[in-house]
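Peer 1: By the working numbering, the letter at position 16 of the sequence shown is numbered 66, and the numbering carries on one by one without gaps.
Just so you know, these hints were derived from the structure itself, not from any lab.
Accuracy of the hints is not assured; some may be wrong.
Stated by the list, open to error - Below, a list of computed lysine-lysine pairs in the BS3-like style, where the Cα atoms sit at most 27 Å apart:
no. : residue 1 : residue 2
1   : Lys89     : Lys77
2   : Lys89     : Lys79
3   : Lys89     : Lys52
4   : Lys143    : Lys130
5   : Lys130    : Lys145
6   : Lys85     : Lys52
7   : Lys52     : Lys79
8   : Lys52     : Lys77
9   : Lys130    : Lys144
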Amino acid sequence: MKLTFAAYWHAVGSDNIARVTEAAGVKSKYAQQIKLALKTPGRDTALALIDAARLVTPGWEPDLELMLRQERRQPTRRRKIEPSPAFLRSAAKKKLTPARKSK
Numbered sequence: 051m052k053l054t055f056a057a058y059w060h061a062v063g064s065d066n067i068a069r070v071t072e073a074a075g076v077k078s079k080y081a082q083q084i085k086l087a088l089k090t091p092g093r094d095t096a097l098a099l100i101d102a103a104r105l106v107t108p109g110w111e112p113d114l115e116l117m118l119r120q121e122r123r124q125p126t127r128r129r130k131i132e133p134s135p136a137f138l139r140s141a142a143k144k145k146l147t148p149a150r151k152s153k
């Protein structure tokens with residue numbers, strides 16, 4: 051069965067992934083970015099992760115081809131929310147009032 055890295059992570063759990071990343075010499079944050087498809091690993095990194103997975107979880111391993119051709123997820127951009135007319139009116143009033151002098 052061919053598993054993506056995310057499917058492998060889901061199947062074996064976070065504790066085993068921590069051991070896999072430690073054995074592969076990969077930072078856990080980078081492995082998490084691979085899982086979320088924010089980054090695509092290089093061939094050497096993918097092979098190191100697969101070799102470590104074979105040691106830690108025999109019989110379970112992510113597929114090399116699926117890891118290398120994984121499409122990167124595009125970060126979502128949030129639309130800026132325009133301020134309401136009431137907010138703009140109150141902001142304009144605050145700018146027009148003179149500053150109070152303290153005694």
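Peer 1: Against this structure, judge whether each hint is valid.
Peer 2: Results for each hint:
1. Between Lys89 and Lys77 the alpha-carbon distance is near 13 Å, which keeps this suggested pair within the 27 Å criterion.
2. For the hint linking Lys89 to Lys79, the alpha-carbon distance of about 11 Å falls within 27 Å, and the restraint holds.
3. Restraint check: the Cα-Cα separation between Lys89 and Lys52 comes to about 20 Å, which is no more than 27 Å; the hinted pair holds.
4. The suggested pairing of Lys143 with Lys130 holds, with an alpha-carbon distance near 24 Å, which does not exceed 27 Å.
5. Distance restraint check for Lys130 and Lys145: the Cα-Cα separation of roughly 23 Å lies within the 27 Å cut-off, and the hinted pair is therefore satisfied.
6. The hinted pair formed by Lys85 and Lys52 meets the criterion: a straight-line CA distance of about 15 Å does not exceed 27 Å.
7. The hinted pair formed by Lys52 and Lys79 meets the criterion: a straight-line CA distance of about 24 Å does not exceed 27 Å.
8. A C-alpha spacing of about 24 Å is found between Lys52 and Lys77, which places the hinted pair at or below 27 Å, so the restraint holds.
9. At most 27 Å may separate the alpha-carbon atoms for a hinted pair to count; Lys130 and Lys144 meet this at roughly 23 Å.
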